[in-house]
Amino acid sequence: MDAVIEVNDLVKEYIIVKKESGLRGSLKSLLFPKKTKFNGVNGISFSIAPGEIVGYIGPNGAGKSTTIKMLTGILHPTAGSIKVCGISPQADRKAVVRKLGVVFGQRTQLYWDLRLGESFELLRRIYQINQAEYEQNLAILTDVLKLQDFINTPVRQLSLGQRMRGDIAAAMLHSPSVLFLDEPTIGLDADAKLAIRNFIKEINRTRGVTVILTTHDLDDVEQLCSRIIVVNNGKIVEDGPIESIIHKLTPHRMLVVELQKPCADLSTPNAIVIKQEGLKIWYQFEKEAISASELIAALSQKLPIQDISVKEPNVEDAIREVYKTTSSV
Amino acid sequence: MVSSFKHYVSVASCWARLAIQRQLEYPLFLFSWLLMIPIQYFSGIWMLKIIVDRFQALNGWDFPQLTFLYGLGLISHGIFVVFFINTWSMDHMVINGGFDRLLLRPMNVFFQLVASYVNFIGLIDCIPGVIIFLYGCEIAGFEWSLVNIGKLILVLIGGILIRAALFTSLGTIAFWTKRNGSMVGFALTMLERATMYPLSMYPFFLQALFTFIIPIGFISFYPAAEFLGTDNGGLELPLSFALWTPLVGIICFLIASGIFRFGMKNYESAGS
Amino acid sequence: MLQAYWYITKMKLLTNLTYRFEVFTSVATNLILTLASVFLWQTAYKGGSGTVESLSLQDITTYTILSITISTIFVCDVQNTIYYKIREGQIVTDFYRPIPLLACYLAEDIGEMFSSLLNRALPLIVFASIFFGIPWPASIQGFLLFLPSCLLSYAILWLLSALVGLIAFWVMELGNMGNVKDSIVRVLSGSIVPLWFFPDTVQTISKFLPFQYTYQTPLGIYIGNTSISDGFTAMAVQAVWVGLLFLVLAAGWSRTKKKTLIQGG
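Line by line, the protein sequences give chains A, B and C.
Heads up: the first sequence at position 172 corresponds to 172 in the working numbering, and the numbers run straight through without jumps.
The number in the working numbering is simply the position in the second sequence, starting from 1, with 1000 added.
The number in the working numbering is simply the position in the third sequence, starting from 1, with 2000 added.
Some hints here could point you the wrong way.
As the list claims (entries may be wrong) - Each computed DSSO-like pair below joins lysine-lysine, with the alpha-carbon atoms no more than 27 Å apart: (1) Lys287(A) with Lys275(A); (2) Lys1178(B) with Lys2010(C); (3) Lys99(A) with Lys1265(B); (4) Lys1006(B) with Lys34(A); (5) Lys37(A) with Lys275(A); (6) Lys1178(B) with Lys35(A); (7) Lys1006(B) with Lys235(A); (8) Lys2046(C) with Lys1049(B); (9) Lys99(A) with Lys1006(B); (10) Lys2085(C) with Lys1178(B); (11) Lys1049(B) with Lys2207(C); (12) Lys1265(B) with Lys83(A); (13) Lys302(A) with Lys248(A); (14) Lys34(A) with Lys2085(C); (15) Lys248(A) with Lys235(A); (16) Lys34(A) with Lys1178(B); (17) Lys1178(B) with Lys94(A); (18) Lys275(A) with Lys235(A); (19) Lys1006(B) with Lys94(A); (20) Lys1178(B) with Lys37(A).
Unchecked claim - Label pairs and their computed distance ranges (CB to CB): (21) Thr2260(C) with Val256(A): 54 to 60 Å; (22) Arg207(A) with Val2171(C): 32 to 38 Å; (23) Phe1042(B) with Gln136(A): 52 to 58 Å; (24) Val11(A) with Val2171(C): 24 to 30 Å; (25) Ala95(A) with Leu2122(C): 52 to 58 Å; (26) Glu312(A) with Ile1085(B): 36 to 42 Å; (27) Phe2246(C) with Lys37(A): 36 to 42 Å; (28) Asn1266(B) with Leu2117(C): 33 to 39 Å.
Note that these hints are calculated values from the structure, not bench results.
Model, not experiment: these values are computed from the prediction.
Where is the CB? At the ideal position from N, CA and C, for every residue including glycine.
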């Protein structure tokens, strides 16, 4: 199937004015500002198929937001091409944004002093949603996001979790085919996070909405995304299914063994002891060299084992590994 | 075309309703404005009276004529403030992401910018404006004929367009600088001095500047001179200026929307 | 202790210098104001006799330039500071700081005053001098008296601002009354049109209000319209106003502080 989003060699250049410190520096930059160029996004290419949920992650300043803003037509790229649903957002912004829902977790599009429903009514008119579709969408959204308790409350009185649910509903009213979520769970409690994750899964499953998610919360990524794109310093450093990225970056697994009594010889082929604390021993091994069950079998013949557990590397370890190896600038 | 017009009208009226609701949430907040605005403008015209009484007519503009001019300038300011106040805070919208949101919606961005906040509080500016203007009409002997009323409406529309064009162009600067609050203050000062006082007080260079480059002389000065039949005492321009003002307004507005569109291409949104 | 205030002052100065664009446009704004006002006076004087109310065009030009210049230096952000701190509910935590709050706000304003002197007042005087000649004082004595009189003016203005800021403690919803005060000061201080031109009754009433002692007094001394001996008298009145306003502020401040701390904000 055709890609929903197609990005080729995307570059965004910024000019930054360097400020100097101190009184002399201030005076100097008052008269002669120092300007330098810098590529916030530096040659990014990817394509996203309909119905994917993609995690777009990277450290602060990696170029995540800049990329999202170019995809949604807010910023014009310095070079490269973007196609969203086959249209360039720079060439026909209005046509593209009709198909997009965008939520910025740190900024609301709801009117602070008005009831939540008033903002929805405005959006109904802006997107020219016909009454039947609007009512049906609102009913579904109200049901899944549990809006009924606060749809008539002024937004300034909502909790952060309620406000975020309101914002997500606002972004979905016009049935967009692509949903951009920028930090949708930031600052939320466990319940609200769960509600939002369930909602994302739900609309993805029932309506086939493509979701692009940027977040620092790797639990979000782990639970939602079939694929992640990792950026750092304006470049894509990893792109693929979560499992393969974890596997590629952290091929090691760990076996923790607790013995009944101390033993002198702990060595075993295909695994190394990396840590020992009293009767607890940590073995590191590679998935390719030996399977966990083989290792356990080998060890149990040799050692008096009390307890045993296998530690899988998680996405957090993997991502930390990526940032570490690519943040050399 | 018709459906698109309907679409915009429906959104604009919804926004207007929401704007009233939002402003009514804090009714007492109006109080300080309700005191300040009349004090500011009534004292302004009072000081003109003091000067004219102690000295002489300003370049042939006596007090009744000055009052007419002052009132005309102030009314167009007041109406402008009702409909276009968002052009003053474009820097804010750039910084807090409000502008990003406008770009994410399938409507004309400038329309959204302006229509999203109808500032009913601005009607307070119109109160001293209307009072001073009516008083000026009375003492200056303005003839309320149908033709004059028609001309007056055209002049007001043109004047508002000139103001909107000026502030839109200035606001566009915020796309680059992210900050232009002081530019707004500058333009307001300039406008007040050039539209509520006779332009002919100023040296030739400034008169030419405010006639041909930044044509704010057309907001009130030239039309007032035309209405009152005064020798304006400044630059001599041919034809009836009351009809020039809307034309100048439309031209300015088109230029400003070009500047705005150019700015949007270079827009660098703020924040992460 | 004093070091802490100096630090506040210096930080304010530094942050102000970084707003390059603001600085340029603010100079331009004040320049436009100056030009427009002087041209207005030139038109008023045109063809007429040399002096009106014993003031020549040169006198009033000097008066206008100086008036706008000192208005850029007389920074009284305290009214906005107090208003916003109350609105955001930050004032309560500020009360627990180890140094007196009002003194902090004054230190901030003085820092801004220094930066304004450099990047607002100085360029304005330079440009105005290019257009209309250097606005010399009438006499050296006048100039020497002008400086302390300005300090007293600033004290009056600052105390008035702080008092207006206090209003927000009692009637928050009214919005920022500082703007209202500013528009009254602008007229009754003689900063735009000297009160000497006003009708006699207004002049008489104004003698008993603090406003004319903020702008007209030092400027009158500067251009020599107020004689040196009258100048001393006027400065004595300024000092009385400073004392009076200070007492009112101190009383009002301690009452609001008590009220705020009891309510817990």
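Going through the hints against the structure:
1. A distance of roughly 19 Å separates the Cα atoms of Lys287(A) and Lys275(A); the hinted pair therefore holds under the 27 Å criterion.
2. The straight-line distance between the Cα atoms of Lys1178(B) and Lys2010(C) is roughly 25 Å, inside the 27 Å bound, and the hint therefore holds.
3. The suggested pairing of Lys99(A) with Lys1265(B) holds, with an alpha-carbon distance near 21 Å, which does not exceed 27 Å.
4. With a CA separation close to 50 Å, the supplied pair Lys1006(B) and Lys34(A) exceeds the 27 Å bound.
5. Distance restraint check for Lys37(A) and Lys275(A): the Cα-Cα separation of roughly 48 Å exceeds the 27 Å cut-off, and the hinted pair is therefore not satisfied.
6. At roughly 16 Å between alpha-carbon atoms, Lys1178(B) and Lys35(A) fall within 27 Å of each other, so this suggested pair holds.
7. Using a Cα cut-off of 27 Å, the hinted pair Lys1006(B) and Lys235(A) is violated, with the two alpha carbons roughly 45 Å apart.
8. Straight-line distance between C-alpha atoms of Lys2046(C) and Lys1049(B) comes to about 17 Å, which keeps the hinted pair within the 27 Å bound.
9. Note on Lys99(A) and Lys1006(B): the hinted pairing holds, with a Cα-Cα distance of about 21 Å set against a maximum of 27 Å.
10. At roughly 25 Å between alpha-carbon atoms, Lys2085(C) and Lys1178(B) fall within 27 Å of each other, so this suggested pair holds.
11. The suggested pairing of Lys1049(B) with Lys2207(C) holds, with an alpha-carbon distance near 22 Å, which does not exceed 27 Å.
12. The straight-line distance between the Cα atoms of Lys1265(B) and Lys83(A) is roughly 18 Å, inside the 27 Å bound, and the hint therefore holds.
13. Straight-line distance between C-alpha atoms of Lys302(A) and Lys248(A) comes to about 31 Å, which puts the hinted pair past the 27 Å bound.
14. Simply put, Lys34(A) and Lys2085(C) have alpha-carbon atoms about 35 Å apart, too far for the 27 Å limit, and the pair is violated.
15. Among the hinted pairs, Lys248(A) with Lys235(A) is consistent with the structure: their alpha-carbon atoms are about 19 Å apart, no more than 27 Å.
16. Note on Lys34(A) and Lys1178(B): the hinted pairing holds, with a Cα-Cα distance of about 17 Å set against a maximum of 27 Å.
17. A distance of roughly 25 Å separates the Cα atoms of Lys1178(B) and Lys94(A); the hinted pair therefore holds under the 27 Å criterion.
18. Between the alpha carbons of Lys275(A) and Lys235(A) the distance comes to roughly 36 Å, so the proposed pair goes past 27 Å and is violated.
19. For the hint pairing Lys1006(B) with Lys94(A), the CA-to-CA distance comes to about 17 Å; that is within 27 Å, so the pair holds.
20. For the suggested pair Lys1178(B) and Lys37(A), the alpha carbons sit about 18 Å apart, so the restraint of at most 27 Å is met.
21. Range check, Thr2260(C) to Val256(A): about 58 Å between beta-carbon atoms, so the 54 to 60 Å window is met.
22. For the pair Arg207(A) and Val2171(C), the supplied restraint of 32 to 38 Å is violated, since their beta-carbon distance comes to about 52 Å.
23. A beta carbon spacing of about 57 Å between Phe1042(B) and Gln136(A) agrees with the range 52 to 58 Å that was offered as a hint.
24. The given range of 24 to 30 Å is broken by Val11(A) and Val2171(C), whose C-beta atoms sit roughly 55 Å from each other.
25. Hint check: Ala95(A) to Leu2122(C), Cβ distance near 54 Å, so the stated range 52 to 58 Å holds.
26. Taking the beta carbon of each, Glu312(A) and Ile1085(B) are about 58 Å apart, not inside 36 to 42 Å as hinted.
27. Taken as a hint, the range 36 to 42 Å is violated for the pair Phe2246(C) and Lys37(A), whose Cβ atoms sit roughly 55 Å apart.
28. Checked against the given bound of 33 to 39 Å, the beta carbons of Asn1266(B) and Leu2117(C), roughly 36 Å apart, stay inside it.
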